[in-house]
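Note that the protein sequences, when read in sequence, are chains A and B.
Note that the working numbering has the first sequence beginning at 1, numbered continuously upward.
Note that the working numbering has the second sequence beginning at 1, numbered continuously upward.
Hints are computed from structural coordinates only; laboratory data are not their basis.
Possibly wrong hints are sitting among the right ones.
No distinction is drawn between identical chains; accordingly, a pair holds when it is met within one copy or between any pair of copies.
Quick list of in silico lysine-lysine cross-link-like pairs, DSBU-like style, CA-CA up to 35 Å [to be verified]:
(1) K447 - K377
(2) K448 - K307
(3) K158 - K89
(4) K247 - K292
(5) K150 - K377
(6) K122 - K158
(7) K441 - K61
The model shown is predicted, which means the values in this text are computed figures rather than measured ones.
Number of protein chains: 2
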Amino acid sequence: MLRLGPFAAARCLPAGPRLGPLCLAGNRGSFARSWLPVGDRGPLSRQVRAAAGGERPPVLKTPKGTRDHAPAQAALRERLLSAVVSCFKRHGAAAIDTPVLELRETLVGKYGEGAKLIYELKDQGGELLALRYDLTVPFARYLAMNKITKMKRYHVAKVYRRDNPATTRGRYREFYQCDFDIAGQFDPMIPDAECLKIVHEILSDLQLGDFVIKVNDRRILNGVFAVCGVPESQFIPACCTVDKLDKVPWEEVRSEMVAEKGLSPEAADRIGEYVQLHGGLDLIEQLLQDPKLSQNKVAKEGLGDMKLLFEYLTLFGITGKISFDLSLARGLDYYTGVIFEAVLLQQDNKHLEEPLSIGSVAGGGRYDGLVGMFDAKGRKVPCVGVSIGIERIFSILEQRLEASGEKLRTTETQVLVATPQKHLLAARMKLISELWDAGIKAEMLYKKDPKLLKQLQYCEDTGIPLAAIVGEQELADGVVKLRDVATRKEVDIPREKLIDEIRRRLEP
Amino acid sequence: MLRLGPFAAARCLPAGPRLGPLCLAGNRGSFARSWLPVGDRGPLSRQVRAAAGGERPPVLKTPKGTRDHAPAQAALRERLLSAVVSCFKRHGAAAIDTPVLELRETLVGKYGEGAKLIYELKDQGGELLALRYDLTVPFARYLAMNKITKMKRYHVAKVYRRDNPATTRGRYREFYQCDFDIAGQFDPMIPDAECLKIVHEILSDLQLGDFVIKVNDRRILNGVFAVCGVPESQFIPACCTVDKLDKVPWEEVRSEMVAEKGLSPEAADRIGEYVQLHGGLDLIEQLLQDPKLSQNKVAKEGLGDMKLLFEYLTLFGITGKISFDLSLARGLDYYTGVIFEAVLLQQDNKHLEEPLSIGSVAGGGRYDGLVGMFDAKGRKVPCVGVSIGIERIFSILEQRLEASGEKLRTTETQVLVATPQKHLLAARMKLISELWDAGIKAEMLYKKDPKLLKQLQYCEDTGIPLAAIVGEQELADGVVKLRDVATRKEVDIPREKLIDEIRRRLEP
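Taking the hints into account, I'd like the entire structure generated from these sequences.
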């Protein structure tokens with residue numbers, strides 16, 4: 001697949017290079033440099049001593065629900081994000097960025113029950129702040145603030161939720177969101193269809209296995225609630241309850257509706273008949289003929305648009321993975337039209353020790369009212385967007401990589417500059433400087449007189465393909481010995497031709 | 001310069017494309033879609049009404065000292081960061097990532113006076129958290145936590161300081177740091193010299209104008225303080241005072257030393273004789289002969305290493321931009337050896353309405369004690385690193401771009417799929433879908449029947465080079481009309497050859 005580029009390349013890498021190129025076990029005993037500074041006896045070192053003396057052991061952890069990325073993870077993530085971003089760019093989106101911090105006020109009243117998960121900052125004087133909870137509300141704030149009425153943008157950044165972490169399933173308190181949104185007044189369902197096409201492309205590109213994209217519409221759901229006799233004020237709570245249908249059976253959802261949300265048992269039963277339906281165009285046609293639903297104006301609009309959406313998805317050739325599913329409700333308050341969610345289907349996991357965790361890996365929908373909440377005159381900007389659940393995908397790829405035993409290179413170094421004898425540090429430094437200035441990725445060991453074997457071993461450990469060796473003989477002859485690390489073949493190259501030769505060898 | 005790649009390309013772009021490709025002024029009156037959902041009359045829309053009714057106007061701003069990045073800024077930043085990262089990769093660094101949140105405890109006692117600028121989170125139960133203040137302390141925490149004793153890493157991420165913002169000079173409360181650090185026990189000054197080479201490469205690549213990299217050593221400063229009769233406990237406060245010498249004259253620094261730091265006037269005068277010196281190898285030799293300083297063990301070590309550093313910098317060919325400057329002190333507590341700071345030199349600004357703000361654009365140094373602060377046994381890992389002051393550089397480039405009147409493209413779209421007649425939406429959708437699946441970056445307008453002129457205008461506005469036009473005739477003939485937007489030349493291409501032809505045209 002042409003468009004996958006960097007990510008596909010990752011998977012084709014030969015096994016071999018170590019995870020952390022420089023994280024070799026060092027000689028921990030020999031750290032005391034002879035020139036340890038006087039400053040070290042000042043206030044800073046008192047704390048060192050305090051720590052060393054065990055007065056209070058330093059706490060060594062990241063906050064609950066967060067994690068560091070070691071080089072191998074950072075490299076995997078870079079490739080994953082770049083595959084997602086290149087899809088967003090393929091669809092003509094521009095990037096924006098917004099601060100991690102927002103005024104508390106900006107976030108209030110946008111997330112329903114999610115609000116209790118917002119991280120708030122301490123009042124240290126000045127404005128009351130919070131960490132962003134998603135990228136959608138900041139996007140709406142950005143549009144309203146700049147009076148923008150048309151925009152196609154992507155935003156890849158971290159968001160924060162004081163949720164119960166489930167780190168093995170990729171649920172963290174700090175996590176990346178990868179959002180693509182289209183704002184503006186356009187002809188119905190054209191941007192909505194493109195969002196679904198994007199989900200389809202990304203999940204196909206990443207080769208995560210079989211998946212299905214469930215689609216529904218808040219208007220259809222609201223119509224269902226209306227014709228089942230639910231009062232309008234109960235629509236959003238009813239939505240949240242229905243949303244649990246992918247995790248718990250209908251009986252449980254039904255009893256929550258009756259016991260907690262105060263719906264009548266009859267209303268709940270009527271709802272149950274609808275929300276357990278799923279299918280394709282057939283089902284849309286069937287519901288358009290439904291004696292009750294077809295009488296509801298909003299449901300009819302939703303169903304009409306759903307039919308149009310399926311028409312467009314047919315043109316995009318992706319209906320094979322789309323399911324019109326009336327149980328899909330999505331938790332967030334702000335959706336107003338089409339909603340969707342992509343789930344990976346359970347694979348045959350017999351060969352893996354632990355089955356991979358499977359679940360929702362992308363979601364989104366239409367939110368036509370959110371921007372208006374930020375406008376003094378309530379002027380609306382219709383929006384539709386998709387968010388890729390990158391953490392769950394990352395977890396899956398990480399587990400898969402681990403299971404395969406493959407290692408990713410964590411650096412891109414092309415040449416190691418090496419010397420076979422002592423007293424040649426100056427020669428190495430001169431040569432590496434020339435390579436850097438020519439744009440070649442080069443390293444040398446930070447030792448005055450490293451052994452040649454150690455230098456070559458470093459190439460093998462970290463996957464460096466070439467070694468440029470300068471010894472006394474090479475210096476005298478005005479050449480550099482260029483070694484292919486894999487084949488161990490060495491050739492003398494005249495110094496002035498070295499850079500061209502390296503470039504030639506590194507051509508794909 | 002070969003290695004600059006994406007950034008150089010930015011500067012070579014022809015003027016023309018608009019800043020915000022889709023931020024065209026829309027028809028704000030027509031936002032009310034006929035299918036406005038029922039849900040919109042629920043709790044969410046009550047808030048809209050509240051806002052609309054003016055009960056409380058929504059606050060539309062980002063927190064003090066923070067800002068959004070519009071597409072043009074995001075594109076400029078992406079290019080700038082990619083130039084910096086490609087230099088870090090050229091030097092063989094691996095990426096890591098750490099959370100924006102750290103335990104408060106992790107940050108305590110590492111920043112001296114800076115500590116009061118740390119953003120703390122509200123106690124919402126659980127751990128006490130703060131936003132990271134820099135990337136160096138999290139790096140040290142990471143090394144200690146994972147018992148890593150050798151590592152060359154880069155980290156590009158946002159950090160947070162409750163500082164007084166000076167946004168025109170690029171000083172924000174949320175800002176990017178771009179750090180490259182080398183941890184490990186190596187032969188003296190080899191990694192330190194590489195850090196300086198990196199600063200030199202980045203500032204040269206970015207063509208920011210003339211610059212100088214000031215170098216000093218905390219050990220030399222401490223030796224100076226010692227021989228001038230300053231008690232050891234006053235070294236760090238004295239350092240902080242000396243550090244102001246780049247902004248205020250010596251007389252002011254002197255009086256702060258005497259009035260606020262409690263130094264004797266004689267000691268201050270003796271310090272003044274040293275810290276106003278700057279030069280190169282000559283000055284190092286002179287100080288090595290200095291009757292007082294040469295008797296101080298720590299100063300002598302610092303001077304010896306400084307001489308070695310200059311030797312290595314000569315091999316790298318960069319001493320022309322290096323100044324050994326005894327006034328350089330750097331504010332942070334954790335430095336223990338070499339310190340450095342790069343400053344841009346004042347340009348001739350006659351042609352600009354407002355002179356560009358000039359100042360420090362990179363800094364760093366050696367911190368051999370920091371990792372040990374996180375180790376229960378105080379085991380040290382020597383480190384040296386550099387941080388590129390990307391915000392200041394970004395401000396300069398932004399002002400320069402503005403002054404030039406040039407526009408950056410904010411999207412990468414290669415082809416607009418267009419139709420010249422009505423009722424051809426299906427044809428456009430089919431064709432664009434084929435292009436996307438072939439990895440071609442393509443857009444279409446989200447209208448059922450857009451005018452051809454509007455479609456072509458969109459290409460010109462956003463810099464799309466090609467238009468693929470399907471009309472009734474083209475459909476009948478099995479061809480697509482491929483239009484070069486710049487030359488307006490159109491050629492009919494057989495449908496099955498279209499993708500190859502587009503690829504051929506887009507080759508660099």
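Status of each hint after checking the structure:
1. K447 - K377: Result: close only across copies, 27 Å inter versus 67 Å intra.
2. K448 - K307: between (72 Å within a copy, 16 Å between copies)
3. K158 - K89: The answer is both: 19 Å in one copy and 23 Å across copies each meet 35 Å.
4. K247 - K292: within (28 Å within a copy, 77 Å between copies)
5. K150 - K377: within (18 Å within a copy, 58 Å between copies)
6. K122 - K158: both (20 Å within a copy, 19 Å between copies)
7. K441 - K61: The answer is within: 34 Å in one copy meets 35 Å, while 43 Å across copies does not.
The structure shown violates none of the earlier numbered hints.
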